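So the sequence lines, in the order shown, correspond to chains E and C.
Numbered by this note's numbering, the letters in the first sequence go through residues 1 to 379 in order.
Numbered by this note's numbering, the letters in the second sequence go through residues 1 to 115 in order.
What the hints contain is simulated information worked out from the structure, not anything from laboratory work.
All values reported here derive from a predicted model rather than from experimental measurement.
Treat the hints with caution; some may be incorrect.
Stated by the list, open to error - So the derived label-pair ranges between C-beta atoms look like this:
1. C:78 x E:81: 21 to 31 Å
2. E:56 x C:68: 21 to 31 Å
3. E:75 x C:78: 24 to 34 Å
4. E:301 x C:78: 18 to 28 Å
5. C:93 x E:33: 38 to 48 Å
6. C:99 x E:31: 41 to 51 Å
7. E:365 x C:78: 28 to 38 Å
8. C:105 x E:364: 37 to 47 Å
9. C:68 x E:55: 24 to 34 Å
10. C:57 x E:365: 21 to 31 Å
Stated by the list, open to error - The list that follows gives simulated cross-link-like pairs (lysine to aspartate or glutamate, DMTMM-like), each with its CA atoms no further than 25 Å apart:
11. C:70 x C:19
12. C:40 x E:41
13. C:40 x C:19
14. C:40 x E:40
15. C:40 x C:62
16. C:40 x E:52
17. C:70 x E:52
18. C:40 x E:48
19. C:40 x C:30
20. C:70 x C:51
21. C:40 x C:88
22. C:40 x E:220
23. C:70 x E:41
24. C:40 x C:51
25. C:70 x E:33
26. C:70 x E:40
27. C:70 x E:48
28. C:40 x C:8
29. C:70 x C:30
Every residue, glycine too, gets a C-beta built ideally from N, C-alpha and C.
Here is what each chain is made of, one letter per residue.
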Amino acid sequence: MIAPLPTAPANIPLPARLPIAARLPLLGLYPAEYRAAHGEEIAAVFAEAVQDLAGRAALREWAALAAHALRLRTRLSSSDSIGRIAAGAAPLILAGGAGMSMASLLIELFLRNPFGSENSGHPASRALVVAQSDGWGHPAIQALVVAQTCSWILALLCACLGRWAPVRILVVLGILGRIGPALAFIPHRWLADVLPYMLLMPFGIVPCALLLIAPPDAVDLSLRGRRETVLAALTLMSGAAILWPHVSGYVLQRRLFLHWGGTPDLVWLRFMSFDTTSLLMAIAAWPAAVMSTALLHHLGAQRPDRLRAAGIAVAVLPWAAMLPPPYYFLLAPAVPEIDSRDLVRNASVVLALLATATLLAALRRTLRRARPTDPPGLA
Amino acid sequence: MADRHLQEPTRLVLTALADAPRHGYAIIQEVLTISGGRTKLLTGTLYTALDRLLQQELIRVDHEEVVAGKLRRYFALTDQGRDVLTAETQRLRTGVAEAERRLALGRLQPNRGTA
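Only chain C is shown next, with the shape it has when bound in the complex:
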């Protein structure tokens, strides 16, 4: 698992569960917020990801409750899921830092490559 980076929907679902357990529709809403409105998870995509993450033991069912007649099943990160998200975050951070470093270098040499 660690040598393959996460696909975006998976990463967004794990991120949505990083601070608190959430139910299905709340995860969809949270992913929309996290992605700045760019990623609207389809219900089918969400449950495909949830099934796989449950099987990989990266998430678990935290609790269930019935609200206004609707069953809410809350999902939470497992310790392993937290580790995977931490590793992925570190990987992304490294990439971002490198991109920033190179951009900064490019700004210091504005005429490079135009001669």
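One chain only, chain E, in its complex shape:
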């Protein structure tokens, strides 16, 4: 498709031969005000930049400028509040997805039966046998878990190296890895019911979209920022890996006795010494607690970036929609008693954690301001 150059103002002499990328629409993508102020200048620089480039390199130049234009048009650049909030949220969304993925991988491959061998006599071990007969533990399922989790873990590694572009590609693969199997299971009614949660969950579509739209130049990839991201992921993983197998054991146990027509809660209480509801709440609240601590840490700094802090808070919010993953098995048609109170409870816990972190940070700043400064020479 050969067309006159729609992107360049008429008074700019352009080289006789330009790559096809220079003929793609560009200036029209910019907001009118910005185009009026900078369009002519950008068109001139772009024309000079691509005049000696081959097709692919020129296309890359065009794509970078088109992304710049679209960010300005959608107010998602690093100069805009929304862009900076998204950039503040992105590392913790990554930490959340990677942390839960590492926990999932660890549990699926190494901690699948926390109650000992099949012959250990523990009721939950027998429950695992039933679960495995349903398809759990099948190599194909394990391969799927590895495929779903590895992209998130690799994304965290790329962030460690300060490479944000591959992070975004890997996160897209991670989302596809979750949605694909979920769509494949849609005929099963119970999974169709929980599909919205899978999309909204901390490493579902909505939070990941926030990560993807974050302006890369505003994401904190400093050594300190990268350390904080990795630390959040590892902390989150540790807690989930400790709590999750117990919850899984409970769920499996419950399934086993439903299978037998028993009363699961009574049997559960017989061999577990702590309250299951508290355990389920703990595993749901743990990631939000870790991230609220990150918020407290940031807000408590000498000069906190309020937009980044807002981003961290936004990254915590999806955990309100988080049911502990094994909880989904309780949503099977045989167990219809789960209702929206669980979500309200989760949301309350998450909001309470955020409010506590904000209040503590405000208190810390107030105390710091109130503390008298030592006169020089006393130190």
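Starting from the known structure of chain E, arrange chain C on it as the hints suggest.
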């Protein structure tokens, strides 16, 4: 700003403007030279950085001129931008000095860690 170190494209743009005001394409060329040919700023990356630096008042528009029918807008460091680049340079210098010191120590103890 001072407690966050600069991302590489930002630092390179500020460095390119440290000695004289430059226009967009000249900044791209200068960054290529400064980085020894390793960093070729894309036009989109450049203008993303310029927008942010203008907003943070680390650079300013120095003047405009039309050369061979092309609009050239020249950017220059502000005093604040100069301070930020100075602080960043000092930070990098400290890191380099420490790396050199440790390398020198390592050379003095060639068999360390191999026993």
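(request) Would you check the hint for residue 40 of chain C and residue 51 of chain C, treating anything up to 25 Å between C-alpha atoms as holding? (result) Holds. Residue 40 of chain C to residue 51 of chain C sits at ~18 Å (cutoff 25 Å).
(message) Is 21 to 31 Å respected by the C-beta to C-beta distance linking residue 57 of chain C and residue 365 of chain E?
(response) Once the Cβ atoms are compared, 25 Å apart, the range 21 to 31 Å for residue 365 of chain E and residue 57 of chain C holds.
(message) Need the status of pair residue 40 of chain C, residue 41 of chain E: alpha-carbon distance at most 25 Å?
(response) Between residue 40 of chain C and residue 41 of chain E the Cα gap is close to 19 Å, so the pair holds against 25 Å.
(request) With a cut-off of 25 Å on the C-alpha distance, tell me whether residue 40 of chain C and residue 52 of chain E pass. (result) Given pair residue 40 of chain C, residue 52 of chain E holds - Cα atoms ~13 Å apart, limit 25 Å.
(message) If I claimed the Cβ atoms of residue 56 of chain E and residue 68 of chain C lie 21 to 31 Å apart, would that claim hold in this structure?
(response) holds (28 Å)
(message) Check the hint pairing residue 40 of chain C with residue 62 of chain C against an upper bound of 25 Å on the C-alpha distance.
(response) OK: residue 40 of chain C and residue 62 of chain C at ~24 Å, within 25 Å.
(request) Could you grab the alpha-carbon distance between residue 70 of chain C and residue 40 of chain E and see if it respects the 25 Å cut-off? (result) Judged against 25 Å, a Cα distance of about 8 Å means the pair holds.
(message) For a C-alpha distance cap of 25 Å, please report whether residue 70 of chain C and residue 33 of chain E respect it.
(response) Distance of about 20 Å is within 25 Å: holds.
(message) Hint check: residue 40 of chain C vs residue 88 of chain C, CA-CA at most 25 Å. Holds or violated?
(response) holds (21 Å)
(message) Holds or violated: the 41 to 51 Å window for the beta-carbon distance between residue 99 of chain C and residue 31 of chain E?
(response) Hint holds: Cβ distance 45 Å, inside 41 to 51 Å.
(message) Holds or violated: residue 40 of chain C and residue 19 of chain C, Cα atoms, limit 25 Å.
(response) Within the cut-off at roughly 20 Å; holds.
(message) Tell me if the straight-line CA distance from residue 40 of chain C to residue 48 of chain E falls inside 25 Å.
(response) Status holds; Cα separation ~14 Å.
Hint compliance for this structure: no hint is broken.
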